[in-house]
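So the protein sequences, as listed, match chains V and S. Under the numbering used here, the first sequence has 82 at position 82, and the numbering climbs by one with no breaks. Under the numbering used here, the second sequence has 210 at position 210, and the numbering climbs by one with no breaks.
Just so you know, the hints here were simulated from the structure itself, not pulled from any lab data. Beta carbons: idealized from backbone N, C-alpha and C, even for Gly. Please note that the accuracy of each hint is not assured.
Take a look, some chain V residues computed to stay more than 10 Å from chain S by CB distance [unchecked claim]:
1) E13
2) T21
3) R31
4) L52
5) P55
6) A57
7) T64
8) E70
9) V78
Going by beta-carbon spacing under 8 Å, a handful of chain S positions derived as facing chain V [claimed, not checked]:
10) Y62
11) S63
12) F65
13) S69
14) S94
15) E96
16) R97
17) N100
18) Q226
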Amino acid sequence: MSIPKTMRLVDGEKGNLIQITSLNLDGVMRRRLLDLGFVAGAMVEVIRKSPLGDPIAYRVSQTTIALRKEESSRIEGVLMTDGE
Amino acid sequence: MGNSYRVALAGNPNTGKSTLFNALTGLRQHTGNWAGKTVSLAQGNVQYKDTTFNLIDLPGTYSLFSNSSDEEVARNYIVFEKPDVTVVVLDATSLERNFNLALQVLEMTNNVIICINLIDVAEKQGININERILTNRLGVPVIKISARNKKGFPMLLDTIDRIVTGAIECQPVQTTYPDDIEEQIKKIEPKVSELIGNELSARWVSLRLLDGDETLLNEINERFGQKERA
Numbered sequence: 001m002s003i004p005k006t007m008r009l010v011d012g013e014k015g016n017l018i019q020i021t022s023l024n025l026d027g028v029m030r031r032r033l034l035d036l037g038f039v040a041g042a043m044v045e046v047i048r049k050s051p052l053g054d055p056i057a058y059r060v061s062q063t064t065i066a067l068r069k070e071e072s073s074r075i076e077g078v079l080m081t082d083g084e
Numbered sequence: 001m002g003n004s005y006r007v008a009l010a011g012n013p014n015t016g017k018s019t020l021f022n023a024l025t026g027l028r029q030h031t032g033n034w035a036g037k038t039v040s041l042a043q044g045n046v047q048y049k050d051t052t053f054n055l056i057d058l059p060g061t062y063s064l065f066s067n068s069s070d071e072e073v074a075r076n077y078i079v080f081e082k083p084d085v086t087v088v089v090l091d092a093t094s095l096e097r098n099f100n101l102a103l104q105v106l107e108m109t110n111n112v113i114i115c116i117n118l119i120d121v122a123e124k125q126g127i128n129i130n131e132r133i134l135t136n137r138l139g140v141p142v143i144k145i146s147a148r149n150k151k152g153f154p155m156l157l158d159t160i161d162r163i164v165t166g167a168i169e170c171q172p173v174q175t176t177y178p179d180d181i182e183e184q185i186k187k188i189e190p191k192v193s194e195l196i197g198n199e200l201s202a203r204w205v206s207l208r209l210l211d212g213d214e215t216l217l218n219e220i221n222e223r224f225g226q227k228e229r230a
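Given only the sequences and the hints, what does the whole structure look like? Please build it.
Quick look at the structure:
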């Protein structure tokens, strides 16, 4: 068993399953992401990346949501499986 | 001529609010599958016994606090226009997200019905929902329906009817916050209550003040200002 790897959502690769640990955002944007399901403990799957790597599509509670790196770089989580 | 009551439909996008609206009113409001589709408020009537329910289809939102225009429309309607009953439509297949909005509405107003839609789809996926336990825990009626197959409508209409006639009294559960927040609420709630009287829930306004929700403050100023002038 290796040590759990902490990472930012923006660094996820396609197929990665990441469990969210923290959101480093404030105010309305934090509220919005929480409302969409980006809460601590939630499982997020990296669905696909756009050609230039921004935005990235994530699946969270059965819905696909794309985030820009402004937001996804501020969400941290633990890599559960890398989807290999 | 019987009585007429206003019933607002709230819920996440794609939970079937507009399907329910159309099925009940017999109207054919065009529905689409993308965010912001329902922008203006559609209205239609349903006859039940000798009462008329005026249904209002609010825009679909995940929340009522992020200050996008459709969320403001929905929030302002529930808080300031005070429908006689607010029906929160939830998607049975993804309740963990949908309950976010449901709990927000329960904080804002008393007469709420939780309407769990797409129950047939959920059953196919092996999801069983015990509406009795939910009703007990939430303090408001929880009803399972399938808007597409018109299942559960008599129960829903009957429950709306029993709320407006006062046969059922709703006592929605209030979310309890961490101790430090609850302490702050205790400090400001009496003052808020003095200012706004019984028009709005003092606890809810206190929470929004702590949240620093300026759009709500502006809205309150505008609406209460209008009343004083009138």
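How the hints compare with the structure:
no., hint, verdict
1, E13, "25 Å, holds"
2, T21, "18 Å, holds"
3, R31, "5 Å, violated"
4, L52, "24 Å, holds"
5, P55, "16 Å, holds"
6, A57, "15 Å, holds"
7, T64, "13 Å, holds"
8, E70, "16 Å, holds"
9, V78, "20 Å, holds"
10, Y62, "4 Å, holds"
11, S63, "4 Å, holds"
12, F65, "5 Å, holds"
13, S69, "13 Å, violated"
14, S94, "5 Å, holds"
15, E96, "6 Å, holds"
16, R97, "5 Å, holds"
17, N100, "6 Å, holds"
18, Q226, "26 Å, violated"
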